[in-house]
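Engineer: Sequence:
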Amino acid sequence: MFRKIIFQILCALLVTMSAHAQQNDQQNYLNAKALMKNGQYGLAMSAFSPLTEVSNPNTFQKYACFYYAYCAYEDNDRDIAKNMFLQITKRYPKWDKLPEAYFYLMKIELEKDNFSTGLSYFDKIKKSTIKHKAGKQIIYVLQDKDYSVAKRVYDNNPENVYVGKALANKIADMPISTQDRTLLVSIVDKFDFNKASYGLSETSQKPSKKSSYNVAVMLPFLYEEATVSRRKKDFIYEMYEGMLLAQEELSNDGIDLRFYSYDTDKNYQTTKSELQIDKIKNADLIVGPLYSGPVEAVRNFSFNQKVNAFNPVSNSLSVVGNNPYSFLFMPSVVSEAKAAANFASEEMADNRNCMIFYGTSKKDSLLAATYREKIQDEGFVVAKYKKFHKSEAQQILKLLTAKTEVRTDSLLKNGKRYRYDSLHIASDSIGHIFVASDDQLLAGNSISGISSRPDNIKLIGKEKWLQHKFLSLQQFNQNAIYLIAPRYVDYSSETFKSFANAYNEKYFQQPTTFSALGYDFTYFIGNMLHEYGVYFQNSFNERFIPGKLFVGYKYDHGNDNQFVPIIRMKDGALVNYNLPQ
Numbered sequence: 001m002f003r004k005i006i007f008q009i010l011c012a013l014l015v016t017m018s019a020h021a022q023q024n025d026q027q028n029y030l031n032a033k034a035l036m037k038n039g040q041y042g043l044a045m046s047a048f049s050p051l052t053e054v055s056n057p058n059t060f061q062k063y064a065c066f067y068y069a070y071c072a073y074e075d076n077d078r079d080i081a082k083n084m085f086l087q088i089t090k091r092y093p094k095w096d097k098l099p100e101a102y103f104y105l106m107k108i109e110l111e112k113d114n115f116s117t118g119l120s121y122f123d124k125i126k127k128s129t130i131k132h133k134a135g136k137q138i139i140y141v142l143q144d145k146d147y148s149v150a151k152r153v154y155d156n157n158p159e160n161v162y163v164g165k166a167l168a169n170k171i172a173d174m175p176i177s178t179q180d181r182t183l184l185v186s187i188v189d190k191f192d193f194n195k196a197s198y199g200l201s202e203t204s205q206k207p208s209k210k211s212s213y214n215v216a217v218m219l220p221f222l223y224e225e226a227t228v229s230r231r232k233k234d235f236i237y238e239m240y241e242g243m244l245l246a247q248e249e250l251s252n253d254g255i256d257l258r259f260y261s262y263d264t265d266k267n268y269q270t271t272k273s274e275l276q277i278d279k280i281k282n283a284d285l286i287v288g289p290l291y292s293g294p295v296e297a298v299r300n301f302s303f304n305q306k307v308n309a310f311n312p313v314s315n316s317l318s319v320v321g322n323n324p325y326s327f328l329f330m331p332s333v334v335s336e337a338k339a340a341a342n343f344a345s346e347e348m349a350d351n352r353n354c355m356i357f358y359g360t361s362k363k364d365s366l367l368a369a370t371y372r373e374k375i376q377d378e379g380f381v382v383a384k385y386k387k388f389h390k391s392e393a394q395q396i397l398k399l400l401t402a403k404t405e406v407r408t409d410s411l412l413k414n415g416k417r418y419r420y421d422s423l424h425i426a427s428d429s430i431g432h433i434f435v436a437s438d439d440q441l442l443a444g445n446s447i448s449g450i451s452s453r454p455d456n457i458k459l460i461g462k463e464k465w466l467q468h469k470f471l472s473l474q475q476f477n478q479n480a481i482y483l484i485a486p487r488y489v490d491y492s493s494e495t496f497k498s499f500a501n502a503y504n505e506k507y508f509q510q511p512t513t514f515s516a517l518g519y520d521f522t523y524f525i526g527n528m529l530h531e532y533g534v535y536f537q538n539s540f541n542e543r544f545i546p547g548k549l550f551v552g553y554k555y556d557h558g559n560d561n562q563f564v565p566i567i568r569m570k571d572g573a574l575v576n577y578n579l580p581q
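Using UniProt numbering, count along the sequence shown one by one with no gaps and you end on 581.
Be aware that a few hints might be false.
Subject to a maximum C-alpha distance of 25 Å in a straight line, what follows is the list of computed PhoX-like cross-link-like pairs (lysine-lysine) [claimed, not checked]: (1) K266 <-> K362; (2) K464 <-> K386; (3) K131 <-> K94; (4) K133 <-> K37; (5) K464 <-> K387; (6) K548 <-> K506; (7) K97 <-> K37; (8) K82 <-> K94; (9) K398 <-> K464; (10) K390 <-> K363; (11) K33 <-> K62; (12) K133 <-> K97; (13) K403 <-> K386.
Pair ranges (Cβ atoms, derived) [stated by the list, open to error]: (14) S493 <-> Q394: 36 to 46 Å; (15) Q395 <-> V575: 23 to 33 Å; (16) N76 <-> E531: 56 to 66 Å.
It should be emphasised that the hints constitute simulated quantities derived from the structure, not laboratory data.
In this text, a Cβ means the ideal position worked out from N, Cα and C, and glycines have one as well.
Let the hints inform the model, and build the full structure from the sequences given.
Structural biologist: Written as structure tokens, this is what we have:
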């Protein structure tokens with residue numbers, strides 16, 4: 001009987017002690033949560049810590065472990081947070097808060113750019129609401145990374161819809177000229193994203209072929225100001241005359257282009273008003289405009305109405321902006337630089353040291369900077385990178401021809417000490433010079449500089465140099481001078497001779513470069529519309545497209561023509577050395 005009484009007393013004591021301990025655990029847990037809610041994460045961790053010990057099993061242990069790890073994360077103690085979240089996955093493998101533990105493990109790894117490990121935790125999340133939350137975190141992290149990082153993560157996780165969305169967003173945020181449109185279309189189609197959000201509307205994916213095409217020609221004709229004599233001199237009219245000749249020839253071949261011309265008057269409001277005309281609203285293609293005010297109006301209209309617009313003369317990517325329906329017929333400044341660097345890397349690789357000189361305009365700076373970046377990527381060393389105002393052009397000549405006096409103190413002959421002059425820039429130390437400027441003074445001093453040296457430095461310049469009267473053809477013939485020439489035409493070809501004869505018969509004058517440009521441009525758009533339909537951009541970027549008078553066109557990496565002829569004088573004739581691949 002006595003033993004039984006003692007046993008009952010002990011049991012009562014144990015129950016009382018257990019209840020008291022449970023009350024203490026509950027109070028500690030509630031105190032810890034209160035600290036956590038107040039953002040006092042360090043103190044909350046200290047309060048949660050006893051409840052997480054394996055040696056102290058209690059009702060609140062699982063939650064104490066989770067909140068302890070959460071507080072550590074919020075207190076920027078990622079290592080402790082990671083360790084506790086990992087313990088949770090091992091100690092409580094079937095707990096319903098396990099997806100949240102994997103969510104934080106994913107966040108920790110993504111923050112350290114450990115994308116492979118982070119995404120492996122993402123794959124372990126099975127709860128849909130947490131999965132979606134984790135996916136948004138993936139997009140958030142990748143949006144702050146470089147495109148190359150997002151592309152690499154996608155290549156390693158091509159079936160992850162959130163990684164795909166992050167990369168698609170990165171591509172869409174880039175300038176049109178640098179977008180990988182093929183990859184963008186692939187991602188959008190794979191995951192069935194909203195095409196309109198990425199400038200890939202349903203209509204743009206379904207080319208529409210027609211028996212005839214309406215083309216709105218929006219150029220600064222300035223009808224009210226123009227006289228007959230002025231019209232014959234204005235490059236706008238020269239280009240338009242070439243367009244009309246090509247339109248006539250295409251019609252004979254069964255390709256019907258219907259031109260509707262509108263005078264933009266170089267004015268934003270004038271152009272905006274004209275865009276309300278029904279014929280423009282129903283246009284299949286817009287040509288132009290050329291100046292900034294009208295360009296802005298047409299770019300907005302083109303994007304909103306999903307009408308392709310081609311600028312035939314500009315080389316500025318600002319014309320395109322982020323409008324997938326806007327195109328440059330000419331190569332952009334960026335494409336010119338990249339083409340020149342690619343050419344140099346193949347043709348001038350025997351000496352990988354170069355110099356870059358550039359003028360004071362924004363385009364000169366962009367051309368030079370892009371060339372430097374690309375040529376360095378090809379393993380070349382830029383020994384000198386310098387801007388020159390035209391008033392400083394003679395410094396180029398001095399730089400290339402400057403000599404250093406060298407004493408031969410150890411060599412005596414007939415009791416006399418001899419000296420000799422050595423080039424400051426040693427002979428054969430530089431392979432080529434890239435001159436990013438149209439300016440005749442920079443061009444002339446660069447050519448004189450390489451001509452005065454005993455070595456064979458190659459020079460890359462601009463086609464406009466050929467128009468400078470004080471530069472002789474002999475200088476171009478005798479030196480290795482290569483010119484970026486987007487408007488190069490082989491005037492000796494039978495095709496050009498036939499064009500020139502037809503142009504002369506129609507307009508009683510010889511064609512100019514702009515006449516040829518308008519002619520070739522119209523053949524290009526006519527053939528593209530005829531072959532692929534209204535939204536031909538989804539097909540014409542798959543290959544190099546030969547031109548009628550110009551060498552040709554390539555739109556595989558953007559909305560400007562990326563094929564750039566690079567010419568050199570040979571035996572008195574200009575020859576293109578940058579052949580299409």
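Engineer: Among all the numbered hints in the text so far, which are the ones the structure does not match?
Structural biologist: Failing hints: none at all.
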